[in-house]
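Okay, here's what each chain looks like letter by letter:
There are 2 protein chains.
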Amino acid sequence: MADTVFDTIAIIGVGLIGSSIARAARETSAARSIALYDVEGSVRREASKLDLGTVTSSLEEAVRDADCVILCTPVGALEAVAAETVPAMKDGAILTDVGSVKGQAASALASAGGAHVHVIPGHPIAGTEQSGPAAGFAGLFEEAWHILTPLEKSGPDYETAVETLTAFWAALGAKVETMDVAKHDRVLAITSHLPHLIAFNIVATAYDMETVEEGDVVKYSAGGFRDFTRIAASDPVMWRDVFLGNKDAVLEALGRFSEDLAALQRAIRWGDGDALMKEFERARGIRQAILEAGMDSSEVNFGRNKPEE
Amino acid sequence: MADTVFDTIAIIGVGLIGSSIARAARETSAARSIALYDVEGSVRREASKLDLGTVTSSLEEAVRDADCVILCTPVGALEAVAAETVPAMKDGAILTDVGSVKGQAASALASAGGAHVHVIPGHPIAGTEQSGPAAGFAGLFEEAWHILTPLEKSGPDYETAVETLTAFWAALGAKVETMDVAKHDRVLAITSHLPHLIAFNIVATAYDMETVEEGDVVKYSAGGFRDFTRIAASDPVMWRDVFLGNKDAVLEALGRFSEDLAALQRAIRWGDGDALMKEFERARGIRQAILEAGMDSSEVNFGRNKPEE
Numbered sequence: 001m002a003d004t005v006f007d008t009i010a011i012i013g014v015g016l017i018g019s020s021i022a023r024a025a026r027e028t029s030a031a032r033s034i035a036l037y038d039v040e041g042s043v044r045r046e047a048s049k050l051d052l053g054t055v056t057s058s059l060e061e062a063v064r065d066a067d068c069v070i071l072c073t074p075v076g077a078l079e080a081v082a083a084e085t086v087p088a089m090k091d092g093a094i095l096t097d098v099g100s101v102k103g104q105a106a107s108a109l110a111s112a113g114g115a116h117v118h119v120i121p122g123h124p125i126a127g128t129e130q131s132g133p134a135a136g137f138a139g140l141f142e143e144a145w146h147i148l149t150p151l152e153k154s155g156p157d158y159e160t161a162v163e164t165l166t167a168f169w170a171a172l173g174a175k176v177e178t179m180d181v182a183k184h185d186r187v188l189a190i191t192s193h194l195p196h197l198i199a200f201n202i203v204a205t206a207y208d209m210e211t212v213e214e215g216d217v218v219k220y221s222a223g224g225f226r227d228f229t230r231i232a233a234s235d236p237v238m239w240r241d242v243f244l245g246n247k248d249a250v251l252e253a254l255g256r257f258s259e260d261l262a263a264l265q266r267a268i269r270w271g272d273g274d275a276l277m278k279e280f281e282r283a284r285g286i287r288q289a290i291l292e293a294g295m296d297s298s299e300v301n302f303g304r305n306k307p308e309e
Numbered sequence: 001m002a003d004t005v006f007d008t009i010a011i012i013g014v015g016l017i018g019s020s021i022a023r024a025a026r027e028t029s030a031a032r033s034i035a036l037y038d039v040e041g042s043v044r045r046e047a048s049k050l051d052l053g054t055v056t057s058s059l060e061e062a063v064r065d066a067d068c069v070i071l072c073t074p075v076g077a078l079e080a081v082a083a084e085t086v087p088a089m090k091d092g093a094i095l096t097d098v099g100s101v102k103g104q105a106a107s108a109l110a111s112a113g114g115a116h117v118h119v120i121p122g123h124p125i126a127g128t129e130q131s132g133p134a135a136g137f138a139g140l141f142e143e144a145w146h147i148l149t150p151l152e153k154s155g156p157d158y159e160t161a162v163e164t165l166t167a168f169w170a171a172l173g174a175k176v177e178t179m180d181v182a183k184h185d186r187v188l189a190i191t192s193h194l195p196h197l198i199a200f201n202i203v204a205t206a207y208d209m210e211t212v213e214e215g216d217v218v219k220y221s222a223g224g225f226r227d228f229t230r231i232a233a234s235d236p237v238m239w240r241d242v243f244l245g246n247k248d249a250v251l252e253a254l255g256r257f258s259e260d261l262a263a264l265q266r267a268i269r270w271g272d273g274d275a276l277m278k279e280f281e282r283a284r285g286i287r288q289a290i291l292e293a294g295m296d297s298s299e300v301n302f303g304r305n306k307p308e309e
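Chains as they are written, first to last, in the working numbering: chain R, 1 to 309; chain Y, 1 to 309.
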């Protein structure tokens, strides 16, 4: 059990991530007291039933005593939520988020003003294809990366705040790193955003073929395809906001992907087996690098810490 | 334990599938005696060490007493291997295969002549990303589909042979169906071949970005991307043969995929969130259909029966 890092935290948005933070913070005692608020009444009721902490009936009530406020809404909602949150926060408190696009998140949080609070955008590289408060679990962040993208401002108070927030995520089990906002968004575009876009796309394509093949696409969808349907089951609102929020980096990664795919298509059409082999060996190369980095898929993957697995 | 279906089977090509058949046939007693041959001496030695059955030093020796010969080579090698196999087989024996492309496999087996044997192409929809004799395991075919694509010829002897081969795969735990060759290749193009092509491609694209981002693509490759690297670790020779062998159906599926992807790309560029949502909801629809068909990814997926998982 880790030491208590914050006396009080507030979690705004109680989905998979928000509810997992609540569970992990309680289990590790990283926060002594946990306030939660969600804009949806049904989610608040579910959070109460799940006993995740003190569920409040207003955002202001949740955040006013918090030493750290964690915004866990979709990225597209961050600007509006931050604008409501910041004026209600106490002096010297920390404001962070868990959005997958840090450029947009950083602007959203910064635009809320709030010279009296420490804005430190963040992103846990953890998740499952499940959504909602019941889907959360305390182990979600264990051994997962947590990336903080501190603003370009300094001063001892801000640095202390970054250290404290780092200690909080470390207490939940995460490996914390700081990174430049733009680099975060480029790296995540290729490791997370593009793969999800592709998964959504291939599953939608198959859905059309399903009609043509009268049920046999679903029936025989073992093998590679099944992995895609799982990824494509992720929350559509969250992902819409990610793709729109990280537009430039996603389009850049997508452009490279499409060029490479066109080359494979040409190799298939012309029966160029050597060109295919060359690409496939390259793909195995990065797999090898991942294994050598000690990050086997059995250890670190999408939803890897799910208790029922 | 099932009844013995064949007195003697011969397995030609002792990789993941061939060695799994040997293990499953022994464990279930579906075959009393198992002969194995692989063109690679190192694979034969490994198969001997693994005690998978009687490993012979020539193909002819393995097949001459077999009631059923199962060709487990990559699809591209089938024609040459069948030409060597058929003349050595005894009258009335069954010749089958496990290739992922049935149009090409059926031609390859049929071209070997052999009016004295019953040619019945087949395809187990099962596998893992591992290769080689040591990767096989007896449970690989349990609850997996096995598709037989009988030739367009009939007669009571042939029908009996199809029934016997069906009983053999059922004894290994598979759910056996018969299907038209062309339909098989269309359905597998979308459920298996295209997903693998996409996985190979996205991982190769990421490999290039890895150089640009100085190691951070591998470092932060949790989430969706990890699933792709696992799929892309599959045997490149096998997949090269699949893409070349099922060219028309793969190009057709790839064309649909690229059209759909272009629409998503346009929606991202123009900030059209509604269009994105519509596609993502469609993707969730097919996921739902799979869950409703009782084929959850936790029950039936790629490598699902691996003993160490």
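A couple of the hints might just be wrong.
With a Cα cut of at most 16 Å, we get these calculated EDC-like pairs of lysine to aspartate or glutamate [stated by the list, open to error]: (1) 278/R / 143/Y; (2) 90/Y / 143/Y; (3) 219/Y / 208/Y; (4) 219/R / 208/Y; (5) 219/Y / 292/R; (6) 90/Y / 60/Y; (7) 90/Y / 177/Y; (8) 183/Y / 213/R; (9) 183/R / 46/Y; (10) 247/R / 208/Y; (11) 183/Y / 272/R; (12) 219/R / 65/Y; (13) 175/Y / 143/Y; (14) 247/Y / 214/R; (15) 90/Y / 51/Y; (16) 175/R / 157/R; (17) 183/R / 84/Y; (18) 175/R / 142/R; (19) 90/R / 46/R.
Just so you know, the hints here were simulated from the structure itself, not pulled from any lab data.
* What hint numbers does the structure not satisfy? -> Going through the list in order, the structure violates hints 1, 2, 4, 7, 9, 10, 11, 12, 14, 15, 16, 17 and 19 and respects the others.
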